[in-house]
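Build the full structure now, drawing on both the sequences and the hints.
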Amino acid sequence: MFRNTREGLALVLPAAIFSTLLFLVPVGILLSEAFRPSGSWSLAGYAEFFSEPLNRTVFLRTLKLGLLVAGTAAVIGYAAAFCIVNLGPKSRGRVFGMVVLPLMISPVARTYAWIVILGRTGIVNGAITGLGLSDTPVRLLFTETAVFLGLLQLFLPLMIISLVSAMENIPRDVIPAARVLGASWLAVFFKVILPLTREGLVIGGTLVFTGALTAYITPAILGGSKVLMLETLLYQKVNVSNDFVSASVIAMILIVMSFSANLLLKRIATARS
Amino acid sequence: MKLSLSLLALSCAMGGTAMAADRTLTISVYSFAQDEYKKALYDPFEEICGCDIVVETGNSVERMAKIEANAANPVIDMAVISTQDALSLARKGLIAPLDAASLPNMAKLYDSAKDPNGDGMSVGYTYYASSIVYRSDLVQVDSWGDLLGPDLAGQVALPNITGTQGPLTLMMLGKAMGETGGLAPVISAVGEKADDIVTFYSRSSELVQLMNQQEVIAAPVGRFAWSSFADAPLPFAWAEPAEGQAGGMNVMVMTKGNGNEELAYQFMDYWLSTEVQTRIAEMLVDSPANKEVVVSDEIAANLTYGADVINALNILPAADVVDNREAWVEQWNTEVIR
Amino acid sequence: MRHLATWTILGLTLTFLIGPFIIIILAGASAGNSLAFPPEGLSLKWYLKVFTIESFRASFALSMALAVFGTLSALILGVPAAYALNRYKLPGAETVRTIVAAPIIVPGIIVGLALLRYVVVPTGVTVTLALFLAHTALVLPYAVRVVSSSMQNLRADMEEAAVLLGATRLQAFSKVVLPNIRGGVLAAFILGFVTSFNQVPVSLFLSGPGVRTLPIDMLAYMEITFDPSVAALSALLAFLSLGIVFAAERLLGFSRYV
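Protein chains in written order, with my numbering: chain A, 1 to 273; chain B, 1 to 338; chain C, 1 to 258.
Everything labelled a hint here was simulated from the structure, so no lab data went into it. Please note that a few of the clues may not be correct.
Using 27 angstroms as the maximum straight-line C-alpha spacing, the simulated DSSO-like pairs for lysine-lysine come out as follows [as the list claims (entries may be wrong)]: (1) K114/B to K226/A; (2) K49/C to K266/A; (3) K38/B to K193/B.
Pair ranges (Cβ atoms, derived) [stated by the list, open to error]: (4) G11/C to S260/A: 50 to 60 angstroms; (5) A101/B to S241/A: 31 to 41 angstroms; (6) T121/A to A194/B: 16 to 26 angstroms; (7) I53/C to D231/B: 39 to 49 angstroms; (8) A194/B to I268/A: 33 to 43 angstroms; (9) I299/B to R250/C: 28 to 38 angstroms; (10) D137/B to R2/C: 32 to 42 angstroms; (11) E282/B to I123/A: 39 to 49 angstroms; (12) P235/B to G11/C: 37 to 47 angstroms; (13) T145/A to A242/B: 31 to 41 angstroms; (14) L4/C to V180/A: 48 to 58 angstroms; (15) E54/C to A327/B: 25 to 35 angstroms; (16) D195/B to A177/A: 50 to 60 angstroms.
Ideal Cβ positions, reconstructed from N, Cα and C, are used throughout, including at glycine.
This is the structure:
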């Protein structure tokens with residue numbers, strides 16, 4: 001650690017000032033609209049928002065899907081990242097490239113692909129009826145399942161990337177050494193891998209959870225108006241009813257949820273180490 | 001190499017607006033059929049006025065939001081929108097009254113297009129009918145009421161209440177149910193059947209895809225989307241419901257204080273001319289609001305054309321929509337979306 | 001045995017991640033008029049049609065320029081910040097981290113709206129400049145966090161040793177730190193590039209007459225037609241990106257760092 005504070009601040013301040021001016025100030029003004037729905041400062045906007053049953057349902061659904069997507073991504077992500085870092089350099093580059101690839105494809109197009117896959121005449125329903133699991137096609141589109149799959153596919157690469165770049169910093173011989181000393185895989189995971197990759201998990205988890213909360217296209221297209229999420233509700237408030245108070249209430253809720261997730265993940269990660 | 005190319009692109013993009021000709025007209029329009037509009041309307045007009053047209057496209061909600069955000073210093077000179085959007089812009093004081101003397105071609109329009117909202121702030125340039133498109137090999141649709149009937153349960157989509165088509169569909173459902181007390185009881189009726197409805201769509205292209213995938217086999221839609229169905233390999237039909245067809249109009253408005261009124265009037269009048277209205281109708285883009293337009297029977301069959309058709313349309317007054325939309329959406333969210 | 005397990009896990013994960021991409025490629029190669037899988041016959045007509053759509057060319061150039069320059073600016077701001085956050089005892093370091101990370105957490109639609117209402121309108125900056133600033137700010141969190149994470153496990157004593165041995169701070173940074181975080185910087189660049197390139201909600205409100213990013217243009221195109229040309233365009237873009245990753249791998253040995 002260097003102690004020259006002035007030098008450090010000089011390095012950090014440009015980024016901080018830039019973000020403050022372009023983000024915090026304008027967004028702050030917009031968010032403050034939620035606290036003064038009728039000109040004076042109050043919490044009435046929030047009380048009103050949560051008094052509507054639909055808003056509560058949407059809130060809980062968003063939270064549930066966000067957690068589900070982040071949790072599933074973490075499980076798959078650890079398995080995949082562990083496999084990737086143990087590959088030879090050549091195949092490792094190729095596999096990593098393939099993980100990054102979906103990120104390159106416009107989310108618009110990736111979401112539309114799911115319409116084709118999950119439709120009544122799509123591949124999944126073809127398999128279901130083909131295997132005799134059901135006589136009639138199952139409704140998959142415009143359900144929470146469709147939104148879950150779309151979001152998972154959208155954000156899983158972020159988790160894998162974060163975990164891979166964290167795992168590559170685990171010294172090569174640590175895991176074999178732990179195994180030789182008789183640690184079970186579970187123990188290795190919780191005692192060695194998790195503590196050494198916690199920064200990656202925190203980054204990945206935050207990116208995936210926040211991404212799932214604030215994705216607009218996927219819930220809009222795969223969930224439609226029947227599976228509203230906070231972001232699609234927000235869009236409706238802004239664009240249909242011009243209700244900036246509710247919109248900024250929702251924005252505030254989303255921000256609080258993301259921050260809490262970030263803090264919670266940090267807490268969990270530190271507690272285990 | 002790539003870097004320098006991108007640099008070039010960025011500088012072009014940044015300089016683009018500054019390099020425009022002296023006289024520029026900025027218009028805000030629906031995004032569909034821009035190639036056709038360019039040929040039939042923009043290019044010929046640029047020739048006549050010796051000016052540049054800058055086109056902003058997008059869906060109406062975004063375009064409206066931008067007009068509102070830029071109210072102090074309008075970027076857009078004229079916009080084409082729905083009658084209800086025109087009314088809400090008018091109530092917010094964002095558009096200017098139209099001067100009939102500057103629009104000589106207005107006299108050639110059907111009466112209902114001359115001043116659709118009765119406030120002198122807009123003029124209609126096209127009509128459209130709304131009915132139900134369905135798979136004629138699988139089902140028969142004779143009434144708006146069939147949408148909630150047993151034959152279509154689990155295979156029907158309705159337009160979302162937030163779009164233009166939503167309230168139109170509810171109005172016609174109400175007619176089929178014999179309801180006269182506004183849309184509230186109709187929304188409740190849809191709510192009871194919500195599980196039978198696959199989705200509430202918000203874009204007609206989305207519906208085209210759903211119908212082609214057989215996700216749904218019937219749905220209400222505006223006539224402007226019909227050509228996408230007519231071209232498809234599946235047997236789609238346009239219903240002639242017992243209650244008649246719903247309909248609507250799109251209008252032109254002038255933003256307030258844009259300082260470019262003269263050119264905007266010239267453009268609007270040109271668009272309303274028999275010549276342009278005929279060209280656009282023959283491309284099957286917009287149905288004419290100018291009653292002097294004459295097209296072949298074949299073309300007419302694909303449009304909302306002629307006094308008889310237009311006068312028979314069930315049009316929902318814009319004020320009803322603007323005044324009640326918030327309450328409708330709220331009730332819809334509680335009873336239908338849940 | 002372990003080999004088998006490894007490849008089963010990777011195979012399933014990659015199928016899930018890449019499958020939709022294959023479907024998009026094939027759906028774009030359909031001879032029919034609507035997006036479908038399996039496609040109704042094969043043809044390249046939609047791939048060719050993409051190049052004839054004029055607005056796609058303009059919006060592609062804009063998106064490309066925004067992604068490259070937005071990400072570079074974000075790295076110029078972000079790498080020093082990440083370095084300082086890891087190497088200096090700074091008062092309020094946590095606050096700075098939070099401020100810089102904020103753009104990820106705020107829903108894009110709110111950001112776009114806030115920028116339009118409180119930056120573009122009052123100051124009169126052009127939409128293109130606003131887009132550039134917004135994209136820089138959006139990528140900044142990725143730059144700081146990814147570079148930070150790759151710096152975290154880098155031992156500070158090596159750098160201190162270099163300084164003790166007479167290197168200047170700048171030399172120590174460029175000779176010791178930079179080579180070790182190159183992978184992180186590259187990963188941040190690629191992540192930032194795609195984030196910016198595919199960004200939708202922020203750009204939704206930040207478009208003006210004639211100025212529009214590619215994803216917004218694609219959405220607008222899809223709003224009116226549902227032919228497979230958007231699928232074809234997406235596939236072409238993905239190939240382009242694949243080329244970039246491949247080049248990064250070839251020229252810089254990407255996989256050694258990631």
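Taking the hints in turn, this is what the structure says about them:
Of the pairs offered as hints, the one joining K114/B and K226/A is violated, with about 39 angstroms between alpha carbons and a cut-off of 27 angstroms exceeded. Only pairs whose Cα atoms come within 27 angstroms are accepted, and K49/C paired with K266/A is rejected, the gap being roughly 49 angstroms. Distance hint between K38/B and K193/B is unfulfilled; the C-alpha atoms sit about 44 angstroms from each other, more than 27 angstroms. Judged by the Cβ atoms, the range 50 to 60 angstroms given for G11/C and S260/A is violated: they are separated by roughly 36 angstroms.
Distance hint check: the CB atoms of A101/B and S241/A are about 37 angstroms apart, consistent with the given range 31 to 41 angstroms. Under the hint 16 to 26 angstroms, the C-beta atoms of T121/A and A194/B, about 24 angstroms apart, fit the expected range. For the pair I53/C and D231/B, the beta carbons lie near 19 angstroms from each other, so the given range of 39 to 49 angstroms is not met. Between A194/B and I268/A the Cβ separation comes to about 40 angstroms, which falls inside the hinted range of 33 to 43 angstroms.
Against the hinted window of 28 to 38 angstroms, the Cβ-Cβ separation of I299/B and R250/C comes to about 57 angstroms, which falls outside the hint. The beta-carbon spacing between D137/B and R2/C, approximately 55 angstroms, falls outside the hinted interval of 32 to 42 angstroms. Between E282/B and I123/A the CB atoms are about 42 angstroms apart, so this pair conforms to the stated range of 39 to 49 angstroms. Taking 37 to 47 angstroms as the suggested C-beta distance range, the pair P235/B and G11/C conforms, at roughly 42 angstroms.
At roughly 39 angstroms, the beta-carbon separation of T145/A and A242/B lies within the given 31 to 41 angstroms, and the hint holds. A hinted range of 48 to 58 angstroms is violated for the C-beta pair L4/C and V180/A, which are about 23 angstroms apart. At roughly 43 angstroms, the beta-carbon separation of E54/C and A327/B lies outside the given 25 to 35 angstroms, and the hint is violated. Checking the proposed 50 to 60 angstroms range against D195/B and A177/A shows it holds: the Cβ atoms sit about 58 angstroms from each other.
Going down the numbered hints, you'll see the structure goes against 1, 2, 3, 4, 7, 9, 10, 14 and 15, while the others check out.
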